[in-house]
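Using the sequences plus the hints, can you model the full thing?
Protein chains: 2
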Amino acid sequence: MSRHDEAELVFCPLGGVGEIGMNFALYGFGPSHARQWIVVDCGVTFPDPTLPGVDLVLPDTRFIEENVKDLQGIVITHAHEDHYGALLDIWPRLKKRVWMTPFAAGLLEAKRRMDGGPDIPVQIYHAGERFSVGPFDIEALAVTHSIPEPVSLAIRTPAGTVIHTGDWKIDPAPTIGPKTDEARFRAIGDEGVVALICDSTNALREGDSPSEQAVGVGIKEVIDASPGRVAVTTFSSNIGRIRSVAEAARDSGRQVLVLGTSLKRAINVATELGYMDGVPEFISEEDYGYIPRDNLVILCTGSQGESRAALAKLARDEMRNVALSPGDTVIYSSRMIPGNEKAILEIKNLLIEQGIKIVEDGDALVHVSGHPRRNELLKMYEWTRPRVLVPVHGEAAHLVAQGSLGAQAGIPEIAQVRNGDMIRLAPGVAEIIDQVPFGRVFKDGRIVGSEDEVGVRDRRKLSFAGHVAVNVVLDDRYDISGDLDLVAIGVAKKDAKGELLEELMVDAAIGAVDSIPRVRRKDLDLVAEAVRRAVRSSANEAWGKKPIVTVFITR
Amino acid sequence: MSRHDEAELVFCPLGGVGEIGMNFALYGFGPSHARQWIVVDCGVTFPDPTLPGVDLVLPDTRFIEENVKDLQGIVITHAHEDHYGALLDIWPRLKKRVWMTPFAAGLLEAKRRMDGGPDIPVQIYHAGERFSVGPFDIEALAVTHSIPEPVSLAIRTPAGTVIHTGDWKIDPAPTIGPKTDEARFRAIGDEGVVALICDSTNALREGDSPSEQAVGVGIKEVIDASPGRVAVTTFSSNIGRIRSVAEAARDSGRQVLVLGTSLKRAINVATELGYMDGVPEFISEEDYGYIPRDNLVILCTGSQGESRAALAKLARDEMRNVALSPGDTVIYSSRMIPGNEKAILEIKNLLIEQGIKIVEDGDALVHVSGHPRRNELLKMYEWTRPRVLVPVHGEAAHLVAQGSLGAQAGIPEIAQVRNGDMIRLAPGVAEIIDQVPFGRVFKDGRIVGSEDEVGVRDRRKLSFAGHVAVNVVLDDRYDISGDLDLVAIGVAKKDAKGELLEELMVDAAIGAVDSIPRVRRKDLDLVAEAVRRAVRSSANEAWGKKPIVTVFITR
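So the protein lines, in turn, are chains A and B.
With my numbering, letter number 282 in the first sequence gets 282, and the count goes up by one each step, no holes.
With my numbering, letter number 468 in the second sequence gets 468, and the count goes up by one each step, no holes.
What the hints contain is simulated information worked out from the structure, not anything from laboratory work.
Please note that a few of the clues may not be correct.
The list treats identical chains as one, so a pair stands whether inside a single copy or across any two.
In silico PhoX-like links for lysine-lysine, alpha-carbon gap of 20 angstroms or less [what the hints assert, rightly or not]:
#1 K313 to K342
#2 K179 to K220
#3 K461 to K546
#4 K493 to K461
#5 K95 to K497
#6 K179 to K357
#7 K313 to K95
#8 K264 to K379
Put into structure tokens, the structure is as follows:
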């Protein structure tokens with residue numbers, strides 16, 4: 001059998017490696033001319049200020065679209081936005097069955113009901129189960145993370161077994177769901193593991209993560225020490241944390257009010273699946289006025305400084321029924337996602353100005369990350385004993401740190417891959433064998449496309465220097481007829497001497513037409529270009545910036 | 001004498017309190033109907049992404065412009081942008097003499113030569129000197145900070161003495177300039193101090209600041225341990241730090257290359273004033289190729305992730321003569337200014353991807369803040385024994401923290417003021433007696449003005465949904481003549497079905513005209529408004545967003 005015909009096991013991340021979020025990975029099996037594929041996870045990331053008006057950033061799926069006939073299905077490890085948030089927008093391009101746990105499927109359906117989207121054929125699986133997707137024999141292994149029902153995937157193929165960890169940690173005392181299934185990881189390790197594709201997020205942090213239960217105790221201590229209301233903000237899908245807060249409130253004799261759409265949606269899904277069993281019912285906003293301050297805990301959205309979330313509204317005192325007052329406490333049971341620091345700080349300052357106390361990670365044990373620290377990574381290596389370690393989920397610093405750790409731990413092959421690398425994991429030594437197209441597309445309103453397709457490239461220019469539209473009407477002698485119409489949007493109004501820029505630009509446009517010999521004005525494109533240049537340079541002279549200029553010439 | 005005629009000493013911050021940067025404060029003396037004023041500091045802050053295209057944020061000087069005949073002068077405490085950066089733009093509105101130290105005057109002049117600006121009459125003063133500005137008898141007191149020649153101001157008036165600290169700390173071993181002048185602070189304390197207007201930036205940090213000399217040692221240790229090139233990025237005006245780096249390099253047998261315009265400018269000014277005496281000459285970019293890797297230190301701009309600064313160019317390997325390679329080290333001898341975290345992270349990841357090691361504050365003692373921690377604040381209280389403490393320079397959390405600390409230390413009156421509060425410090429108990437207009441204006445290109453005046457409000461809208469310009473030409477029967485011209489900028493190109501949005505919008509515009517009875521089309525405003533609405537709603541239907549629409553109607 002020639003090499004060409006050999007069945008290979010390949011891994012190809014198209015997002016989430018060397019960047020935060022937007023996890024989207026392919027596994028392939030078969031000879032290179034007839035590879036069968038699965039997609040593992042289909043996440044989004046959020047736009048930064050260089051993408052004004054863009055709602056979401058999605059992985060570019062060009063490569064797998066071209067191979068869609070050989071795509072066997074999509075497997076989702078858990079329902080965080082960076083692992084499943086692109087499904088509704090990407091699925092119509094792939095149209096394959098999606099394997100998910102009940103909680104992920106419930107959240108997806110809740111989102112679809114609210115925002116619209118395709119009716120996706122979902123195959124439910126549970127941690128501990130084993131199922132086939134094409135040539136891939138997949139076992140879902142229970143892990144712990146900051147959401148219900150996270151799993152790692154053991155992906156068995158005739159060429160060997162890969163473990164794709166997804167997001168995980170070893171929580172010795174989770175508040176919902178089973179512990180990380182050490183026994184199964186060890187058993188699969190005994191069978192032999194070709195490669196461990198492993199979460200690197202906390203590879204720079206020493207030691208072991210504290211448990212979710214310890215965070216519950218930390219939150220209860222803060223609540224007990226607080227004289228007034230306590231508002232707790234956390235990530236909506238962290239149902240374990242929400243339970244911790246609800247139980248701490250109950251044990252402190254307080255009732256709980258929930259504020260924020262995404263939090264309510266996640267709680268509804270969790271409730272249907274029994275994850276809120278035993279927690280006292282939450283009170284409604286209308287009951288708020290009847291609850292003494294020291295008997296209340298408010299669970300709210302807005303930990304990332306989102307300006308329309310519940311906590312921001314509380315900070316600006318914009319809520320109809322609910323308000324905070326001096327002496328109240330706000331607990332940030334969350335981390336700052338990079339890029340959100342300033343927005344978070346602004347909300348905190350608004351709260352502090354009102355005499356509200358802030359408690360955050362570092363002040364007390366009120367948050368813990370859902371990703372493995374270095375000791376936990378070492379345990380995973382020991383359980384699974386892979387031949388190859390492929391660090392994923394993290395930025396360059398994290399990937400490099402996990403790579404070094406794995407090498408120190410004696411893993412024979414460390415494979416540093418980046419988005420678009422196709423790496424052959426078996427047979428033979430791991431090797432990057434191809435580069436495939438990857439990148440980002442943008443959801444903007446209802447449209448998904450490139451920067452140009454959604455218009456954001458031009459909007460970036462508009463946001464710098466605005467737009468001027470000019471309408472030049474020429475009479476039959478090619479002189480300007482009547483007044484020249486000019487509309488400037490997003491341009492400075494006056495120059496330093498107080499002259500109106502619109503007037504200066506109109507004068508420049510008229511001057512440009514006048515300066516063209518009448519016989520040459522028949523060339524309307526030439527007139528338009530002369531006006532465009534004159535208007536831009538007049539703006540530049542008065543303002544120091546050149547707007548985009550659109551010229552209409554009418555005869 | 002009625003209260004109205006009593007000479008009062010008042011303080012009125014118009015920027016820099018409850019926010020970062022943009023320090024701008026007034027002191028007034030005299031009866032309320034005939035108050036004499038001075039301005040202390042005139043700083044900028046930098047725009048966040050909600051201000052696209054804006055270059056600088058300046059204090060709104062309306063109030064002092066209205067009272068400009070009673071303004072006696074402007075005193076600058078030091079040459080950081082947040083304390084003096086608005087001078088060139090604000091001065092033409094005030095036109096009064098400016099008191100500055102030689103380093104501040106040198107930097108101002110260097111900036112004016114590069115960027116242009118008014119010829120400002122400057123009166124030079126030195127730490128230790130005493131000078132009069134109208135009724136204010138001012139003594140400049142040496143302090144330490146992260147720039148040459150920082151001072152606190154003791155402002156004596158017949159109603160009593162105020163100490164305005166500016167930015168300061170107690171550095172036991174600065175690398176340039178004198179130590180904080182404890183003896184003079186104590187002597188003025190003995191005379192009696194009405195109020196201490198005091199830097200709050202580090203009021204949440206326990207203990208004392210490490211010295212600049214200790215940072216020099218820390219940097220030398222990192223350099224000694226680095227096998228390859230070492231690049232150090234720091235704030236341009238931190239001449240003490242630049243000296244520390246240059247001396248560490250010299251002691252490690254390395255030569256220094258300086259990259260970045262603002263760094264070179266600050267070093268030139270410092271050199272003229274003798275602050276670089278004894279430091280070996282820096283090498284030029286052309287010499288770079290001849291210096292062995294382990295004999296080189298690169299001092300560069302870009303600590304805040306600025307995309308056009310030297311470090312970003314090094315990270316992207318865009319420099320003609322200079323490059324970093326695997327095994328080199330980059331030291332961030334700086335802090336992250338809030339809002340810049342993500343940009344800084346992106347540069348760091350680019351460097352790490354290339355095998356370059358990052359050393360930052362926390363990894364080693366390579367940076368120290370120039371602001372007083374809690375022990376230093378307590379010392380200042382003890383030296384000056386003020387009747388009133390007014391926390392300034394900081395966000396709400398810092399101001400509140402310093403207020404509590406001052407109260408614990410036994411200061412009788414703690415005055416929490418915010419921008420626009422006018423507080424009477426003497427005679428009598430400190431009291432807020434007025435609110436004056438304050439705010440922000442924006443420098444955008446060459447223009448300074450409000451959000452509307454510089455066009456940024458519209459640009460924010462443009463950046464969300466773009467602009468469409470339509471030209472409708474009606475013939476003498478009020479039918480559309482020829483093709484309808486429509487130009488869409490920053491709008492999605494196609495709808496979900498692949499239809500061109502421009503075509504959909506043209507059809508909507510034509511439909512809108514057709515739907516108006518011919519007799520009513522004489523009302524061109526009505527036609528324009530119908531077209532505008534039709535185009536917006538057609539975009540909204542196809543895209544989910546409504547662009548700004550400009551309609552020209554030509555007959």
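For each hint, the structure was consulted:
1. In this assembly of identical chains, K313 and K342 lie within 20 angstroms of each other by CA distance solely inside one copy; the values are 17 angstroms within and 25 angstroms between copies.
2. Proximity of K179 and K220 under a CA criterion of 20 angstroms is satisfied in neither setting, with 23 angstroms inside one chain copy and 48 angstroms between copies.
3. Proximity of K461 to K546 under the C-alpha cut-off of 20 angstroms is found in both arrangements, the shortest distances being 10 angstroms within a copy and 18 angstroms between copies.
4. Both within a single protomer and between protomers do K493 and K461 lie at most 20 angstroms apart by alpha-carbon distance, with minima of 18 angstroms and 16 angstroms respectively.
5. Taking the shortest Cα distances, K95 and K497 sit within 20 angstroms of each other only across copies (17 angstroms), while inside one copy they are farther apart (62 angstroms).
6. For a Cα distance limit of 20 angstroms, the shortest separation of K179 from K357 qualifies neither inside one copy, at 35 angstroms, nor across copies, at 37 angstroms.
7. For the homomeric pair K313 and K95, neither the shortest alpha-carbon distance inside one copy (40 angstroms) nor that between copies (43 angstroms) is at most 20 angstroms.
8. When the C-alpha separation of K264 and K379 is checked against a cutoff of 20 angstroms, the pair qualifies neither within a copy, at 36 angstroms, nor between copies, at 51 angstroms.
Going through the hint list in order, the structure does not satisfy hints 2, 6, 7 and 8.
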